[in-house]
Amino acid sequence: MESSNILILLIALFIFQKLNNKYGIVTFIFTKFVNSNNAIHKKAAKLNAEYKTIKLEQDGISAQDQYGKWTKLNRKLDEIEKKKKTLKTELDAINKQNKENVQKYEKFLIKFPFMGLKMWYGKTLLLEFESIKSISKVLPYTLEQMCTVGITGLPLIFIKQAIAFIRNDSSKIAAAKPSTGVSFGILFYCLESVISELFTIFNSNVFSKVEFPHHALKEEFEKHDLD
Amino acid sequence: MSDFDEELQAEPNLKELISSETYKWIFVGGKGGVGKTTTSSSIAIQLATKNPNKNYLLISTDPAHNLSDAFGEKFGKDAKKVSGLNNLSCMEIDPSAALKDMNDMSVAKQGDAEKQGSLNDLLSGGNGGMLSELTGSIPGIDEALSFMEVLKHIKKQSVDDNEGSEFDTIIFDTAPTGHTLRFLQLPTTMSKLLDTFGGLTKSIGPMMNSFGGLGKGFDINAVNQQMEELKTNVEIIRDQFTDPSLTTFVCVCISEFLSLYETERLIQELNSYDMDVSNIVINQLLFADGDDECKRCIARWKMQKKYLGEIDDLYEFYHLVKMPLCAGEVRGLDNLKKFSEYLYNEFDPVTNKDLVFSLKHDF
Chain A
1 MESSNILILL
11 IALFIFQKLN
21 NKYGIVTFIF
31 TKFVNSNNAI
41 HKKAAKLNAE
51 YKTIKLEQDG
61 ISAQDQYGKW
71 TKLNRKLDEI
81 EKKKKTLKTE
91 LDAINKQNKE
101 NVQKYEKFLI
111 KFPFMGLKMW
121 YGKTLLLEFE
131 SIKSISKVLP
141 YTLEQMCTVG
151 ITGLPLIFIK
161 QAIAFIRNDS
171 SKIAAAKPST
181 GVSFGILFYC
191 LESVISELFT
201 IFNSNVFSKV
211 EFPHHALKEE
221 FEKHDLD
Chain B
228 MSDFDEELQA
238 EPNLKELISS
248 ETYKWIFVGG
258 KGGVGKTTTS
268 SSIAIQLATK
278 NPNKNYLLIS
288 TDPAHNLSDA
298 FGEKFGKDAK
308 KVSGLNNLSC
318 MEIDPSAALK
328 DMNDMSVAKQ
338 GDAEKQGSLN
348 DLLSGGNGGM
358 LSELTGSIPG
368 IDEALSFMEV
378 LKHIKKQSVD
388 DNEGSEFDTI
398 IFDTAPTGHT
408 LRFLQLPTTM
418 SKLLDTFGGL
428 TKSIGPMMNS
438 FGGLGKGFDI
448 NAVNQQMEEL
458 KTNVEIIRDQ
468 FTDPSLTTFV
478 CVCISEFLSL
488 YETERLIQEL
498 NSYDMDVSNI
508 VINQLLFADG
518 DDECKRCIAR
528 WKMQKKYLGE
538 IDDLYEFYHL
548 VKMPLCAGEV
558 RGLDNLKKFS
568 EYLYNEFDPV
578 TNKDLVFSLK
588 HDF
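Note that the protein sequences, when read in sequence, are chains A and B. FYI, in this note's numbering the residues of the first sequence are 1 to 227. FYI, in this note's numbering the residues of the second sequence are 228 to 590.
Think of the hints as simulated: they come from the structure by calculation, not from any bench. Hints are not guaranteed to be accurate.
[Unchecked claim] Simulated coverage check for chain B against chain A, where a stretch passes if three residues somewhere in it have a Cβ under 8 Å from a Cβ of chain A:
hint, segment
1, 486 to 494
2, 528 to 541
[To be verified] Just the calculated beta-carbon pair ranges, DEER-fashion:
hint, chain 1, residue 1, chain 2, residue 2, range
3, A, 81, B, 466, 21 to 29 Å
4, A, 47, B, 422, 29 to 37 Å
5, A, 11, B, 426, 37 to 45 Å
6, B, 492, A, 15, 39 to 47 Å
7, B, 259, A, 40, 37 to 45 Å
Positions of the beta carbon are idealized from the N, C-alpha and C atoms, including for glycine.
Chain A on its own, in the form it takes in the complex (with noise of 0.2 Å):
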């Protein structure tokens, strides 16, 4: 696959989990087309309907005036109750069923595919520095490898030459040492990182709760009181 498509695949499962992880965009698609069917659902909003409607009628009368009728409705509410209360018990065990259901749609959709285009191509060059001169006598060799390829590729690299040599296929040794760069994995690596990064200055500083000053309210208070 072309460098680019990897990269459009990539850029778009990546949005796509954050945007989920967010908004639960799999959990709402789920919701509304596989269970707007169930029959449960429908049963317990019929129910709920119900019950707003006799309970708006026994909120229109007297139950003094009019007990009987009053006592019979409330029977009626009892009974919804307890039926709501049935429904209850099935709902929940099918939003647990659903849940993980959901669960494993994310897996399959979203994280799965993310992680092994990301095993696949982590290891394929997105930039490749061209002269390496500046930078080759800074890092020791592993470290740089370590920063093109991830932590994770570098065995490979190592059993690839490994290999190699065992062959005595000096061409194959020069192959299996890559140049120096950035590669799919580390680029995603420093995005999560990055946005994880941002997410949390974002979220302390414009969502934090303020606190209401009490003690300033005390000293007003007592300000006055003394007044």
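Dock chain B against the given chain A, drawing on the hints supplied.
Just chain B now, kept in the frame of chain A:
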């Protein structure tokens, strides 16, 4: 009304209950001040007079006991025969006395040597001990003790199966609704509790045994055995309480909104416990029709009639027993006997008008 409907219509008296051969437990309950004690005493008297070969026990589980006042003689924590009725006994459960007994029993079991311990002194010594002081004030202790009384009788029944137990039927004069519902929930609650405890002792029992127990005289196997026995008895009670041929609940109310509201709540709750309720006694009715000159009575009777109509409509398949408000207090065996007659044969305000003014006041 068709013949079929008439057949379905329940009689407005407690004939079916009083003539029944099967009931072991009869509960009488309702809101405070509606005449529970009068009704339960009347039912007990009717049962005892109509079935002279059987023995009955009337237990008051209400913390504010009224049985002694109703019969005009003193009853205590032990069953005592009612003077003038050989087959009816009464008892009032007294939480503090029962706890003191339990405490004394446990002290006697532990022996004198252990009694010297400072903790033991603190718990059992002094004026009744801190333990009994504390447990006496635990909410729901009255219900728990009433339940223990039931357990005692269940035990007796299982031991004396061949000879038959001491009492054929036990009538409960219960406390106001909330207490009673708590009491009736006890078998289920205890059953769950014992299940949990059983699981716990099974998992930690071997470990405790390997440590040599918690101290002298503590044997986890013996505790387990006792728990198993208790669980069996609790399950027997639960089964008996939910068997409509063995247990029934008589609701007592007056023809007023709050009392009816509470009765409805009680009936719904009892139904949710699978308990049989088929009798409702409506007390303190004025029957001020015709030539009654009391304006207040006429106005109040009008209100009562309105609610009576609602009761007839709401509980059409129940035995609805309508009892009059008497001029004097229904106290003493003679008065109770007179009054209770109308639980068996329905009260007719025209022909039985004498009852209202005929109660004696020299008890």
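Failing hints, ascending? 5 and 6
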